[in-house]
Amino acid sequence: QQQVKQSPQSLIVQKGGISIINCAYENTAFDYFPWYQQFPGKGPALLIAIRPDVSEKKEGRFTISFNKSAKQFSLHIMDSQPGDSATYFCAASTAGNNRLAFGKGNQVVVIP
Amino acid sequence: DTEVTQTPKHLVMGMTNKKSLKCEQHMGHRAMYWYKQKAKKPPELMFVYSYEKLSINESVPSRFSPECPNSSLLNLHLHALQPEDSALYLCASSIKTYNEQFFGPGTRLTVL
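Top line first, the protein sequences correspond to chains R and X.
Just so it is clear: in the first sequence, position 29 is 29 by the numbering used here, and no numbers are missing.
Quick note: to get the numbering used here, add 1000 to the position in the second sequence (first position is 1).
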């Protein structure tokens, strides 16, 4: 049973466009929602994370939007660049629990 | 030092070999993790060490044996592996359990 559902599975975006990846969860005890970026052959890198006491967090071109009532959160990549081409994983966890529940991942390709 | 290092980067072993993977961090993190990642899949949690004690074993076969000699070092001992164990093995660490997990670059393991 997958606790975090991620969509779409893959995304092709023009350079300069906006990439949007969505995640939905069921467990209302989740209180930490990170996004990871992974390039081929590399480990996942923590990109940005949010806790449910805020609805939006922005770091540079990356923004997380969080909708607690809908149990959804999304990653927006503004002004997408070819260097952003990677696999993006959303995840969620609860306080005091080591386990990160990962989404299946989304491959983003930014074409010049 | 703000990174997790893993050695070796690549490992090829036969089904009768014994080998070890090594992970190191000098960020003062007291939780360390082993994950297994197959191609185009999210990382799967294998083991968690908290304050040098094994706190989670996700029903991993005994041919994988973790060890945490000190707060900076994590090993994964491998013995009698199967070809289906071929994967990217990732180490991660966090300040304490459930906080932001930082991943190493991984060891690409091939079992012949």
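If you're looking for bench data, these hints aren't it; they were derived computationally from the structure.
Take the hints with a grain of salt, since some may be wrong.
Heads up, simulated DSS-like pairs for lysine-lysine below, C-alpha to C-alpha not over 30 Å straight-line [as the list claims (entries may be wrong)]:
no., chain 1, residue 1, chain 2, residue 2
1, R, 57, X, 1053
2, R, 58, R, 104
3, X, 1096, X, 1040
4, X, 1040, R, 15
5, R, 57, X, 1019
6, R, 71, R, 104
7, X, 1040, X, 1019
8, X, 1041, R, 71
9, X, 1019, X, 1041
10, R, 68, X, 1009
11, X, 1053, X, 1019
12, R, 5, X, 1018
13, R, 58, X, 1040
14, R, 71, X, 1009
15, X, 1053, R, 42
16, R, 57, R, 68
17, R, 57, X, 1040
18, X, 1096, R, 42
19, R, 104, X, 1009
20, X, 1041, R, 5
21, X, 1022, R, 104
22, X, 1009, X, 1053
23, X, 1038, X, 1053
24, X, 1009, X, 1022
25, X, 1041, R, 15
26, R, 57, R, 71
27, X, 1022, R, 15
28, R, 68, X, 1019
29, R, 68, X, 1053
30, X, 1019, R, 5
31, X, 1038, R, 104
32, X, 1041, R, 58
33, R, 58, R, 5
34, X, 1053, R, 71
35, X, 1018, X, 1041
36, X, 1009, X, 1040
37, X, 1038, X, 1096
38, R, 58, X, 1053
39, R, 42, X, 1009
40, X, 1038, X, 1022
None of the values given here were measured: they were computed from a predicted structure.
Hint by hint, here is what the structure shows:
1. R:57 to X:1053: Status violated; Cα separation ~35 Å.
2. R:58 to R:104: Given pair residue 58 of chain R, residue 104 of chain R holds - Cα atoms ~23 Å apart, limit 30 Å.
3. X:1096 to X:1040: The given pair, whose Cα atoms are some 28 Å apart, holds under the 30 Å limit.
4. X:1040 to R:15: holds, 24 Å
5. R:57 to X:1019: At roughly 43 Å apart (the allowed maximum being 30 Å), residue 1019 of chain X and residue 57 of chain R break the hint.
6. R:71 to R:104: Satisfied, since the Cα-Cα distance of roughly 17 Å is no more than 30 Å.
7. X:1040 to X:1019: Holds - the C-alpha atoms of residue 1019 of chain X and residue 1040 of chain X are around 25 Å apart, at most 30 Å.
8. X:1041 to R:71: With a Cα-Cα distance of about 23 Å, the restraint between residue 1041 of chain X and residue 71 of chain R holds, given a limit of 30 Å.
9. X:1019 to X:1041: holds, 25 Å
10. R:68 to X:1009: violated, 40 Å
11. X:1053 to X:1019: holds, 22 Å
12. R:5 to X:1018: With Cα atoms ~38 Å apart, residue 5 of chain R and residue 1018 of chain X exceed 30 Å; violated.
13. R:58 to X:1040: holds, 27 Å
14. R:71 to X:1009: The given pair, whose Cα atoms are some 38 Å apart, is violated under the 30 Å limit.
15. X:1053 to R:42: holds, 27 Å
16. R:57 to R:68: Within the cut-off at roughly 14 Å; holds.
17. R:57 to X:1040: Given pair residue 57 of chain R, residue 1040 of chain X holds - Cα atoms ~27 Å apart, limit 30 Å.
18. X:1096 to R:42: Distance of about 24 Å is within 30 Å: holds.
19. R:104 to X:1009: Satisfied, since the Cα-Cα distance of roughly 25 Å is no more than 30 Å.
20. X:1041 to R:5: holds, 13 Å
21. X:1022 to R:104: Roughly 27 Å between the alpha carbons, so the hint for residue 1022 of chain X and residue 104 of chain R holds.
22. X:1009 to X:1053: Holds, at roughly 26 Å.
23. X:1038 to X:1053: Holds, because 27 Å separates the two Cα atoms, which is no more than 30 Å.
24. X:1009 to X:1022: holds, 10 Å
25. X:1041 to R:15: Answer holds: residue 1041 of chain X to residue 15 of chain R is near 26 Å, not above 30 Å.
26. R:57 to R:71: Measuring from Cα to Cα gives roughly 16 Å; hence the hint holds.
27. X:1022 to R:15: With Cα atoms ~39 Å apart, residue 1022 of chain X and residue 15 of chain R exceed 30 Å; violated.
28. R:68 to X:1019: Status violated; Cα separation ~46 Å.
29. R:68 to X:1053: Outside the cut-off at roughly 35 Å; violated.
30. X:1019 to R:5: violated, 36 Å
31. X:1038 to R:104: Within the cut-off at roughly 12 Å; holds.
32. X:1041 to R:58: Satisfied, since the Cα-Cα distance of roughly 27 Å is no more than 30 Å.
33. R:58 to R:5: Distance ~22 Å between residue 58 of chain R and residue 5 of chain R Cα, so the pair holds.
34. X:1053 to R:71: Violated, at about 34 Å.
35. X:1018 to X:1041: holds, 26 Å
36. X:1009 to X:1040: Roughly 19 Å separates the two Cα atoms, so the pair holds.
37. X:1038 to X:1096: Measuring from Cα to Cα gives roughly 26 Å; hence the hint holds.
38. R:58 to X:1053: violated, 36 Å
39. R:42 to X:1009: holds, 10 Å
40. X:1038 to X:1022: holds, 19 Å
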